[in-house]
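This is what each chain is made of:
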Amino acid sequence: MSGAGSGRALNVLAGRLPNPRQASLRQIRDPQAGWLDEALVLWFPGPNSATGEDCAEIHCHGGRAVIRAIESSLSSLGLRQAEPGEFTRRAFLNGRMDLLEAEALGDMLSAETELQRAVLASSAKGHASAEVAHWREAVLSASAAVEQELDFSDDDQDGIAPRPGWRSEARRVADEMAAWLAVPPAERLREGLRVVLAGPPNSGKSSLFNAILDEAAAIVSPIAGTTRDAIERPVAIGGVPFLLVDTAGLRDEGADEIERIGISRAGQELARADVVLWLGPEGEGPTGAIEVASMIDAPAWQAKGEGSLAVSAVTGEGLPRLMGRLSEVGRDRLPKPGQVAVSRRQKERLQTARLQLLEAAQVEDLLIAGEALRQARHALDAMLGTVGTEDMLDSLFGRFCIGK
Amino acid sequence: MRHFPIIVIGGGHAGVEAACVAARMGLHVALVTMDATKIGAMSCNPAIGGLGKGHLVREVDAFDGLLGIAADAGAIHYRMLNRSKGSAVWGPRVQADRRLFGAAVRERVASEPTLKVIEGEVAGLRIEGGKVRGVSLADGMQLACDAAVLCTGTFLGGVLFRGEERFEGGRIAEGAAARLAGQLRDASLPLARLKTGTPPRLDGRTIDWARLAVQPSDPDEWTMSPLSKERVNPQVFCAMTRTNGRVHEIIRANLSRSPLYSGAIDAQGPRYCPSIEDKIDRFGDRDGHQIFLEPEGLDTPLVYPNGISTSLPVDVQEAFLRAIEGLEQVRVAEPGYAVEYDHVDPRSLDRSLQMKDLEGLYCAGQINGTTGYEEAAAQGLVAGLHAACRIAGRDEPGLDRANSYMAVMVDDLTLHGVSEPYRMLTARAEYRLRLRANNASSRLTPLAIQAGCVSEGRRRRFEAREEAREALQLALGRERSPSEMRMLAFAATDDAGRQPLGDWTRYPGIDLPRLAEAGLVPRETEHGLHSEVAEDLHYAPYVARHEAELKELRANEKIALKPDFPFHEVPGLSNEMVERLSRTQPQSLAQAGRVPGITPAALAALLVHARKHVAAA
Chain U
1 MSGAGSGRAL NVLAGRLPNP RQASLRQIRD PQAGWLDEAL VLWFPGPNSA TGEDCAEIHC
61 HGGRAVIRAI ESSLSSLGLR QAEPGEFTRR AFLNGRMDLL EAEALGDMLS AETELQRAVL
121 ASSAKGHASA EVAHWREAVL SASAAVEQEL DFSDDDQDGI APRPGWRSEA RRVADEMAAW
181 LAVPPAERLR EGLRVVLAGP PNSGKSSLFN AILDEAAAIV SPIAGTTRDA IERPVAIGGV
241 PFLLVDTAGL RDEGADEIER IGISRAGQEL ARADVVLWLG PEGEGPTGAI EVASMIDAPA
301 WQAKGEGSLA VSAVTGEGLP RLMGRLSEVG RDRLPKPGQV AVSRRQKERL QTARLQLLEA
361 AQVEDLLIAG EALRQARHAL DAMLGTVGTE DMLDSLFGRF CIGK
Chain S
1001 MRHFPIIVIG GGHAGVEAAC VAARMGLHVA LVTMDATKIG AMSCNPAIGG LGKGHLVREV
1061 DAFDGLLGIA ADAGAIHYRM LNRSKGSAVW GPRVQADRRL FGAAVRERVA SEPTLKVIEG
1121 EVAGLRIEGG KVRGVSLADG MQLACDAAVL CTGTFLGGVL FRGEERFEGG RIAEGAAARL
1181 AGQLRDASLP LARLKTGTPP RLDGRTIDWA RLAVQPSDPD EWTMSPLSKE RVNPQVFCAM
1241 TRTNGRVHEI IRANLSRSPL YSGAIDAQGP RYCPSIEDKI DRFGDRDGHQ IFLEPEGLDT
1301 PLVYPNGIST SLPVDVQEAF LRAIEGLEQV RVAEPGYAVE YDHVDPRSLD RSLQMKDLEG
1361 LYCAGQINGT TGYEEAAAQG LVAGLHAACR IAGRDEPGLD RANSYMAVMV DDLTLHGVSE
1421 PYRMLTARAE YRLRLRANNA SSRLTPLAIQ AGCVSEGRRR RFEAREEARE ALQLALGRER
1481 SPSEMRMLAF AATDDAGRQP LGDWTRYPGI DLPRLAEAGL VPRETEHGLH SEVAEDLHYA
1541 PYVARHEAEL KELRANEKIA LKPDFPFHEV PGLSNEMVER LSRTQPQSLA QAGRVPGITP
1601 AALAALLVHA RKHVAAA
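First to last, the protein sequences are chains U and S. One point on numbering: in the numbering used here, the residue at position 75 of the first sequence is 75, and numbering is uninterrupted. One point on numbering: in the numbering used here, the residue at position 483 of the second sequence is 1483, and numbering is uninterrupted.
Among the clues, some could well be false.
[As the list claims (entries may be wrong)] Subject to a maximum C-alpha distance of 25 Å in a straight line, what follows is the list of computed DMTMM-like cross-link-like pairs (lysine to aspartate or glutamate): (1) 347/U with 1549/S; (2) 347/U with 1552/S; (3) 304/U with 284/U; (4) 1085/S with 284/U; (5) 1229/S with 1112/S; (6) 1229/S with 1456/S.
Because the hints were derived from the structure by calculation, they are not lab data. All values derive from a computational prediction rather than experimental measurement.
Make the full structure from the sequences, and use the hints.
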């Protein structure tokens, strides 16, 4: 982390700031989600830091889930993901980089291009850019309408009808953006749809997990509560990428501290899941979960109702049907050919644009509307490229004349 | 040969500001003008200020310039435009008595001890070794200088058009600066032609005022310059009328006799101030265009009809005028005309408005392709200020897009050039919420004081105001609980919680005047201080969002790109980007970022290279 809010963020997450430049062991806790990880933290108050600003580092365990959870915490504390090369950039701005390190920036620039290429390749390239450009035009047009009202004096009754339609137009565009935002981010294409196996202890999750993977990835034991962690495995089913996630058995009592940690993590995983395979009693899983009756090879297995799947990890019965259902769901939930999947960073910008558009549409003060539209334009520009104010003036004056 | 550190050429709005600011800073300045009695003349509309323009007036005033004070000295009608909208787009505007305005300007010019007015025509510049060394006058006099500021307005190669007539001149009845124009063209300075127009002047005694709607001066007592204590002149009414179908018929029937349409002028005119021919041609479906009838002075019968610029022949002008309601018997005192003139491509100038390829030559005003007295005055101030700082070895004031419309204009001009006469609009400023007409002195007078161009009187006034502001801010920072507020008869619910008084003003019924009455904050001793601070509070959350942007902008402004920066050597720039950057020659990283088509990634690559060059130097 770099910037004025780093110290506060580290304080909140780690309990207290360590001595500057001394690696210290801390428990990382999110105020809502609870304990996240035990980590080494470092605190570098500026200006003697890599970027010249206050910097903080959390060296956590490398599991993706943990990293995501911490990122999510930081995000709710007001931090945002860095742009490519941004640390380097700030280091420059604050005079902390020397010439040799600066060359590394070139590499980072290539990285961004690589990402964009990958993203654009997996969706229709022309389509994505054209859509954003079209939105940009719409925002420009709304700006022009607002500026027309602002830069034309109240006196000027020269028949310039104000264009009230811009507000509903702005809302319409915001809705279009929402559709894009609903599409899973481009990273999902690489990482796959998150399928979480969940249920009470010993309901057969890990066996099923392994069966699906066709390898013994998780430790399976008859003693309840063996899977302490969330384990993730990327896997392809029917050509669709998935991230299969095994979790600790969910139970309310009888759990020791470590198990409770596992249960808490399982809860987080459920929150982030795209698909949940629920192996517990019917109806007790999260809404929308796929009910799975597992261990049908065991004598006392319970069938589940309509729409559920019955499998045996031991005999393999029912497994093809389960895999089939998963790939169906996957094809449904991942960006389809022709749809546009944008990266997480682009999604942030798009979300900013959308929120600003909505603010502009509903706020009374035209100045604030104008400012919100400008921010929306900025955000879209960041997705496409920079343009100046002359464009908006062109759009405005193409149609009207200003008096006095 | 007489030597002056700075010679200003032209005594218009740009010229007087340039000359006076340098004089205020203690330098000896010569102001060369073809006719000293025309110093402070208003060529077209007898009005100062307006939307966007009003901001410029206040900014020039914040630097202790002339325009605001002269405007108040001549003001016979005050109107705050856009009053129904947010204050950041209010446009203070006055109509001024031409005589009184001109006299006020000439008086100020005469009062500067180190400023000498020389009457004469500049025939040419003396250039040696790529630098301006002096000027030659038509009568043979030679003057030497360290810097020259060209403020020739529309006089450069000016040609006037009216119907089928055409004659040389920069303004009616005044000669054109043909020789100087010739020299500049020969020196291959990038020149282009623009046009502007003016309406006919009417004899007010022949207007039927009784039938027309009136617009009186604003009742509340605001002024253009905070240094003007009060309104000094009697105030007049304006009246409003419109063109109509018959007027449009007459004009349409005669379009071929208009120099614009007959092809005699093909220069570009302003979109925002088109001639009546233009309006009818472009907006043919309108059944009438508004006209404001503005008296030109207290003891002149002349009236300026705002909204009907024209270069149609005299007989057509009379015909269409008489078809307008209220003007059936009108007598034309001076017909309208169009002026076509040379202007310099402002992309050849740097941010101090100095020629990049000709050291010591500054250009300010309409010569750069802008339109309006206010735009001219602001450029004159910028050019004069920077020339003086350079010669006197002082730091230049840090003007940028986030603290002044002046910088927005200079940046736009020098980066993008002009394809039509440039006029200030609030829409041009991305940080508009910060740049309000009523906080110009708070923003800029500190910079002006640092540069040393502010008189004692203004400085003392400013410091008094800042003290009052600090006291007010302090009081607003004190926290009060809801119950305390209720005890003082303010409506406050408990869930609002304890907050600073400044935050309390967001609630209905709680504002600065009432807080002052309750004794919680100091009363207003400085005119407009309460409303300025109230606005700061109102826009604070939105302005706060700019902070991150601004930090980066300012940091990027500080990263200078030297004049022959080798853009082709920067890895990762496309050929097109290299071409654009080389052509525009941005002077800082921030400016480079504003060149159309430059992506953030390209900017980052530039940054690496810029640092390399600085370190290697």
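Hints, one by one, checked against the model:
With a CA separation close to 20 Å, the supplied pair residue 347/U and residue 1549/S stays within the 25 Å bound. Simply put, residue 347/U and residue 1552/S have alpha-carbon atoms about 23 Å apart, close enough for the 25 Å limit, and the pair holds. With a C-alpha separation of about 12 Å, the suggested pair residue 304/U and residue 284/U falls inside the 25 Å cut-off, and the hint holds. Between residue 1085/S and residue 284/U, the direct Cα distance comes to roughly 57 Å. Violation of the 25 Å bound is thereby established for this hinted pair.
Between the alpha carbons of residue 1229/S and residue 1112/S the distance comes to roughly 22 Å, so the proposed pair stays at or under 25 Å and holds. Between residue 1229/S and residue 1456/S the alpha-carbon distance is near 17 Å, which keeps this suggested pair within the 25 Å criterion.
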